[in-house]
Every structure is written in structure tokens, then in C-alpha cells.
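Colleague: Spelled out, the chains give:
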Amino acid sequence: MIKLDDVNKTFNRGKANEVIAIKDLSLTISAQDYVVIVGANGSGKSTLLNLIAGSALPSNGTIEIDSHPVTSLHDYQRSRWIARVFQNPLSGTAPDLSIIDNFRLAALRTQSKGLKIGTSNTFKQQVQEKIALLSMGLENKLIQPMGTLSGGQRQALTLLMSVMDECKILLLDEPTAALDPRSARLVMETADKLITDFKLTAILITHNLKDAHTHGNRLINMAEGQVIQDYPSEKKLNLTQNDLFEWFS
Amino acid sequence: MDFYLTALLQGLCFSGIALGIYISMKIFNIPDITTDGSYALGGIVTGVMLTHQYPLYISLVVVILAGGLAGAITGLIHTKLKINALLAGILVMTALYSINLSIAGRSNLPLIGTASIFNALNFTAYVNVNTFIILLLIVVILAGTIGYLLKTDFGIAMRATGNSETMIRALGVNTDRMKITGLALANALTALSGFLITQLQGFADISMGVGVVIIGLGSVIIGETLIGWLRITSVWSSLLLVIAGTIVFQLVLAITLAIGVNPNLLKMVTAVLVLLIVSLPRLSFKSHD
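Chains as they are written, first to last, in the numbering used here: chain E, 65 to 313; chain H, 471 to 759.
One or more of the hints may lead you astray.
Stated by the list, open to error - Straight line, CA to CA, 30 angstroms or less: simulated DSS-like cross-link-like pairs of lysine-lysine:
1) Lys188/E with Lys621/H
2) Lys87/E with Lys67/E
3) Lys621/H with Lys550/H
4) Lys550/H with Lys180/E
5) Lys232/E with Lys496/H
6) Lys188/E with Lys232/E
7) Lys232/E with Lys180/E
8) Lys552/H with Lys87/E
9) Lys496/H with Lys205/E
10) Lys496/H with Lys188/E
11) Lys552/H with Lys205/E
12) Lys67/E with Lys263/E
13) Lys180/E with Lys496/H
14) Lys737/H with Lys496/H
15) Lys621/H with Lys180/E
16) Lys87/E with Lys257/E
17) Lys79/E with Lys496/H
18) Lys194/E with Lys621/H
19) Lys737/H with Lys79/E
Don't read these hints as lab results, they were simulated from the structure.
Hey, can you work out the whole structure from these sequences and the hints?
Modeller: This is the structure:
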């Protein structure tokens, strides 16, 4: 599904503040895998996710998605495969736009945004039914600006928005880092449910080792821009939480 | 009375600038001051086209295209060369001064015996009232079109571009192209104001654009204040209030002149007026203890 071949990413190349964020990294992620990535700050996790999403382009190496070469495609061109949830709840939604407008854009992620009014009553009903599944009581607040909601509500809605249009890959960049424990659990549960229901290929970055242990079917540990440990499904099952804690102690 | 009617007519002519500034500043969050140049460009192109006896509708199309092109160039400089939007606007505005001068061939173009949009339809014998009706029609069509555009899927994507760029890129929108389109639209509207005012006052002048951006800013800010007071969220009402802002602005200026302020001080009065409006919400007459 996702294939990175010998990818390097260097920021500020040749300057005093040169940073090698990703170094000779090759990685293949199969369809419907749910990969969890852990690693210290600066280990290249977020850069890896940005390289896959296209918001950063590799210095060299190639990237393929669904057997399409995408190495030089920008983020807005890769949105036909990829939906994202960001660490900052503010990044995944437009605060001044209403919930319904946000969902309308999400419903057109893989399509062009044309000159017709798409927020029809049928569409509103669809969104209402989807939001009701979260049982947050937001289904009757569709015209409320997104900015008036809490971080947890916004992250949960961003997740829902990702499956409003055809989605193959879901990238989760520390989606619960800014949330309280209860909202965090709700967001992780919603993510698990959507990933199973929609048969998504997913990548989750997290610093929460408990989450890293419970979620996903493959665990990757990164350091200095490289994968240093890679546990596929059976081996991940045999890991205990203590094993994970030891990696970082 | 006629004095205030003229102010009202000018206000309606300036609604294109106000809508343009509303789009660039409020929707795209880009401080675009190409305005001064694209407004004069609209006026000068109108003057040249009409004195060469081109029909009105062709002149109108050329004016809109010229303004759009000016905005698109600012947008290209801003997005592709990664130059600060203010600087990009200043560069294009400065260059436009020379361009306007070469198009016109001289600094002032009087329109005598040429076609005028204000003679195109006759509703009453009173010239000013007839002009008022025509302007009202134009403004209604303009606000209607922009209001509709902002409610379409494309319009929502426009609004999201100025609001959450990371989000809208992840949702498949080329934000560079969107900003260029937005600035083109904003400056096309501004040039349209130049088209109207040139025919209203009967001449185009190379320096007609000086300080005109402040009229747009002032109007948008008055409109915003009204929107805030009335807690408006609908797109249509917001646009109407921004247009109301231009009229209020012109009327306040007219009153200032009527009470005997030296016309030489008009630009300063304008600047002070905008300063007052901007700072009004922050001025508190209560002491903070």
C-alpha cells in the first residue's frame, strides 16, 4: 500500500543548522495494516508522516502509494488516498466555518470543489446521522462554528470527516496529545472503529506507550531518522507494556 | 440634499472595492494593497475604451479582466516567489502607476459625449435618482453573485483557505492557486469600482487611486463592527453590511465637508476616521483599576 525506498530528508542542507531528519529509510506498509510508530522527539516520526502525506518532499529516494509513484506529488494531490488527523486539533478543521461546511469540504476530499451549493438538506441529514454515532450531542449544532467546540470534539469530528469521502490511508499524528484522558480514549476508540469498519491502512504516531501497546497490528520504533525496531503482528502481540517502557528508559 | 445623494452614489460605486477588500482581507486573510493600482487601472481602461468608442459591455469585460490580471500577478508574486503579501501588493501597485500612465498616454482623460452605464437605462428624468437606481441594481447583482459564490463548494474552499491552510491542503485544495484566484477576484471587483466612478465623475485620472485602499478597509471595518453588534453569521447579510459600510463611510466624509472642514484635509480626515473606527472597540472610558 505504502512503499518508501531509500528515502532521505535533510533540512537546511549545507548550512550550520543542517538536520538529517530521515536517513536511508526503506519501509513497506501493506494494505489494512495499522502501524504504530514510537520514538523520542526528533527521531523523525513526524517527518516520516509528512513525507507520506506529501507536506514535505524527500531529498532523495522514492515513495509509492497503491503502486502509484507519488514522490513528487504535493499534499493536496495525495489527498485522493490520504486523510489526516493532526496533533493540534486546530489544524484539522477550519474554526470559523460551520460544522456542516467543514464536513462538506471533507466530503469532497478526492473531488474538485465546484460552483454548486452542496450543503443540501439531504447532505445535512447524512452528516447528522454520522455525527449522532459519536453521541456527543453535536448532531443538532451543524451551523455552529467549529471553533466553538472543545479540542476533543474537534478531533473526533476530524476523524469522522476523514471517512466522508473515499479513504484508503489514515494518518494520525499524535491525535490525543492535546486532549484530556477521557476525550483521548474516545478519539482512540473512534479511530479503531473507523479503521476496522472502513478497512483503512493506518499509521499512528504516539508518545503514549499504553496506546502503542493496545492499538495497531505493527509497532515501529524510530531513532535518528531510522527504524531501529519493527514488530509485525505476532511479535507485537508478544510484547508487554514493560518491554516498551524499557526502550525509553 | 443633492450633496448627500452624491455621497451615497459614491458609496455605491465603492462597494466593489469594499467587497474586494472583504475577500482579500477577511476571507483570505491577505493584506492586499494592489487596490490603489487596480482601481486606477479600472478607471483608466474605462476612459481609454470609452473615448475610443468601444461599447460599454466590451469595456466592462476588459476592465474586469485587467483588474483580475493585476490581482493574479500580486498572487503569483506572493505564492510562487514567497514574497510577503504587503510587499507584493506594493510592487504591483507601483508598477501599475507607470502602466496606467502609458495606457492613458496622459494624466487625465475627460469623458465628453461618450457612452455611460448611467445613461444605458432610463427610469426617471432625475439624473441622480436614475443613477442611484442603476447603481443599486449593479450592487444587488454584485452582492448576489459574490454571496452565491461563497456558499458554493468552491466558496467554502475559499473561506477555508484563509482560515485553516493545513486542513484545506489535506482536503485536496491547491492553496496557492486558490489565493491567486481570490486576489484576481478581489482586484477585478476593485477595477469595477474604477469603471463606475470614472463614469460617475466623468473623467479618469492617473492619481485617482491614491489612498483608495483606505476606503475599502474603512468600509469593511465598519461592516465588521455592524456584523459584530448584530451577531450576523449569514454570508449574505455580512456582504450587505460591508456595502452599508461604504455608504456610511462616504456619508460621514460628506458631513465632515459640510461642516466646513478644509477639503485639502480630506485624506487626513479619512485616515483619522478609519483609525477611530478601528480603535473604537478598544477604547474604554472606564478606568482600569
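Colleague: The structure should be examined with respect to each hint, and the outcome stated for every one.
Modeller: Comparing the hints with the structure gives:
1. Taking the CA atoms of Lys188/E and Lys621/H, the gap is near 14 angstroms; set against the 30 angstroms cutoff, the hint holds.
2. Distance check on the hinted pair: Lys87/E and Lys67/E sit about 15 angstroms apart at the alpha-carbon level, within 30 angstroms; holds.
3. Between Lys621/H and Lys550/H, the direct Cα distance comes to roughly 28 angstroms. Compliance with the 30 angstroms bound is thereby established for this hinted pair.
4. At roughly 29 angstroms between alpha-carbon atoms, Lys550/H and Lys180/E fall within 30 angstroms of each other, so this suggested pair holds.
5. Restraint check for Lys232/E and Lys496/H: not satisfied, since their Cα atoms lie roughly 35 angstroms apart, outside the 30 angstroms limit.
6. The suggested pairing of Lys188/E with Lys232/E holds, with an alpha-carbon distance near 24 angstroms, which does not exceed 30 angstroms.
7. Using a Cα cut-off of 30 angstroms, the hinted pair Lys232/E and Lys180/E holds, with the two alpha carbons roughly 27 angstroms apart.
8. A hinted pair counts as satisfied when its Cα atoms are at most 30 angstroms apart, and Lys552/H with Lys87/E qualifies at roughly 28 angstroms.
9. Taking the CA atoms of Lys496/H and Lys205/E, the gap is about 24 angstroms. The hint holds against a cut of 30 angstroms.
10. Distance restraint check for Lys496/H and Lys188/E: the Cα-Cα separation of roughly 26 angstroms lies within the 30 angstroms cut-off, and the hinted pair is therefore satisfied.
11. Between Lys552/H and Lys205/E, the direct Cα distance comes to roughly 39 angstroms. Violation of the 30 angstroms bound is thereby established for this hinted pair.
12. For the hint linking Lys67/E to Lys263/E, the alpha-carbon distance of about 18 angstroms falls within 30 angstroms, and the restraint holds.
13. For the suggested pair Lys180/E and Lys496/H, the alpha carbons sit about 22 angstroms apart, so the restraint of at most 30 angstroms is met.
14. Restraint check for Lys737/H and Lys496/H: the C-alpha separation of about 24 angstroms stays at or below 30 angstroms, so the hint holds.
15. A threshold of 30 angstroms between alpha carbons decides the hint, and for Lys621/H with Lys180/E the separation of about 8 angstroms falls inside it, so the pair holds.
16. A hinted pair counts as satisfied when its Cα atoms are at most 30 angstroms apart, and Lys87/E with Lys257/E does not qualify at roughly 34 angstroms.
17. Distance check on the hinted pair: Lys79/E and Lys496/H sit about 38 angstroms apart at the alpha-carbon level, beyond 30 angstroms; violated.
18. At roughly 22 angstroms between alpha-carbon atoms, Lys194/E and Lys621/H fall within 30 angstroms of each other, so this suggested pair holds.
19. Of the supplied pair hints, the one linking Lys737/H and Lys79/E is violated, its CA atoms being roughly 49 angstroms apart against a limit of 30 angstroms.
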